[in-house]
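These protein sequence lines are chains A and B, in that order. The letter at position 34 of the first sequence is residue 34 when you use the UniProt record's numbering, and the numbering goes up by one with no holes. The letter at position 97 of the second sequence is residue 97 when you use the UniProt record's numbering, and the numbering goes up by one with no holes.
The hints are simulated quantities; they were obtained by calculation from the structure and are not laboratory data. From the three backbone atoms N, C-alpha and C, an ideal C-beta is built for every residue, glycine too. Among the hints, a few may not be true.
Said to hold, decoys possible - With a straight-line Cα cutoff of 25 Å, these simulated SDA-like cross-link-like pairs (lysine to any residue) come out:
# : chain 1 : residue 1 : chain 2 : residue 2
1 : B       : Lys143    : A       : Ala114
2 : B       : Lys156    : A       : Thr62
3 : A       : Lys106    : B       : Asp130
4 : A       : Lys60     : B       : Ile166
5 : B       : Lys157    : A       : Ala137
6 : A       : Lys110    : B       : Gln175
7 : B       : Lys137    : A       : Gln80
8 : B       : Lys141    : A       : Asp163
Said to hold, decoys possible - Under 8 Å between C-beta atoms, here's a sample of chain B residues computed to sit facing chain A:
#  : residue
9  : Asp130
10 : Phe150
11 : Val168
12 : Asp182
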Amino acid sequence: MAEHRTKPSELDQGKCDADDNVKIICLGDSAVGKSKLMERFLMDGFQPQQLSTYALTLYKHTATVDGKTILVDFWDTAGQERFQSMHASYYHKAHACIMVFDVQRKVTYKNLSAWYTELREFRPEIPCLVVANKIDADINVTQKSFNFAKKFSLPLYFVSAADGTNVVKLFNDAIRLAVSYKQNSQDFMDEILQELENFNLEQEEEDVPDQEQSGSIETPSEEVASPHS
Amino acid sequence: MSFLKSLCNLHIFIRFPLTSLDMYVGMMCTAKKCGIRFQPPAIILIYESEIKGKIRQRIMPVRNFSKFSDCTRAAEQLKNNPRHKSYLEQVSLRQLEKLFSFLRGYLSGQSLAETMEQIRQETTIDPEEDLNKLDDKELAKRKSIMDELFEKNQKKKDDPNFVYDIEVEFPQDDQLQSCGWDTESADEF
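Looking at chain A on its own, in the form it has when it is part of the complex:
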């Protein structure tokens, strides 16, 4: 069903079955270090695809979880966060969310609640990891409690994209959580979407919400999302 789409990595993707593909989105205010975290995790291995038309950067990554090869699409905001809201397609079929604030700037912490509310509107169940970034600037923050994470029972990570503290752990955990979410999702919308895909509906119909504003965003996770294929 994805044959009519062309993109460089299509062949690679075709090798893998549906369970091996997850989408992880990054959320958070401008300049909290989202891209720097991505780059620290991927190091040389990253080839971001700038989709500036959609204010979006895509990073593709291959990971191994429990001996299985997982293709990960990381979605980064590329400035869209300035509208303090993301387009619905950004959240569409995401399997996990990495939500970042800057320990140096209170406003980025306070805005987490707005980001979290929006996330839950679109993705009520997906795992969400809260990230306190830039601990290299003030290591004392790691001795403090941040109630936001506690309140919503979300895991909190103290990280530094600069010196690398806990960056790899964060991303590996996110991938693991995304995979396990995808395998065990009880989310009503997910189940419906999967059912629809199993019926092999026309792409046009299936992708209506995307096509309105971001018709050609390359989202491989959409094309191979059926676990039964």
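Once you've looked at the hints, dock chain B against the given chain A.
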């Protein structure tokens, strides 16, 4: 602040005669201090010449600079000036830029305190400012200020003691002091 002190000293007290130091071009020198003189405008470098271990000063006149000039460009031009280049190797572009900002402030009739405040605003992040509300140019400025600290703390891949996966546990238990950003009420975090 000691830099500012030396700067004021330069401005008020030091009027060096222009000496011919061109013979040292291409030789190693260690920069000690760099400041600006307002009248007539000049960047002054105090350095140690490697040959004799002697402290010397170099006065680099600033020409064609007005209160409308671009400090970054002026700094770049001076740093790349063939006559001064080798002396200014150890002086950062940012420091030169800052010195030119002082000169610009002086030329536009600001007090030293006003200029210092202006420079402080331009080189530090206001933690209360909502960066989501800035335009591209202003946001890029803030990011470049932040990048300075990032680069200072960055452990790069080619550093000899670079470790890719660094895990540090920071236990979150009830003994922790609050971050101070949470409100008291139960409804809010």
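Each hint, compared with the structure:
1. With a C-alpha separation of about 23 Å, the suggested pairing of Lys143/B with Ala114/A holds against the 25 Å cut-off.
2. Among the hinted pairs, Lys156/B with Thr62/A is consistent with the structure: their alpha-carbon atoms are about 22 Å apart, no more than 25 Å.
3. Pair hint Lys106/A plus Asp130/B holds up; C-alpha atoms about 9 Å apart against a cutoff of 25 Å.
4. Restraint check for Lys60/A and Ile166/B: the C-alpha separation of about 22 Å stays at or below 25 Å, so the hint holds.
5. For the hint pairing Lys157/B with Ala137/A, the CA-to-CA distance comes to about 20 Å; that is within 25 Å, so the pair holds.
6. Proposed proximity of Lys110/A and Gln175/B is supported: the alpha carbons are some 23 Å apart, at most 25 Å.
7. In summary, the hint linking Lys137/B to Gln80/A is supported, as the alpha carbons are separated by about 15 Å, within the 25 Å threshold.
8. Note on Lys141/B and Asp163/A: the hinted pairing holds, with a Cα-Cα distance of about 22 Å set against a maximum of 25 Å.
9. Taken as an interface hint, Asp130/B checks out: its beta carbon lies about 5 Å from the nearest beta carbon of chain A, inside 8 Å.
10. Residue-level restraint check for Phe150/B holds (minimum Cβ-Cβ distance to chain A is 5 Å; threshold 8 Å).
11. Given hint, Val168/B at the interface with chain A, holds; its Cβ is 5 Å from that chain's nearest Cβ, closer than 8 Å.
12. Taking 8 Å as the C-beta cut-off, the interface hint given for Asp182/B holds, the closest approach to chain A being about 4 Å.
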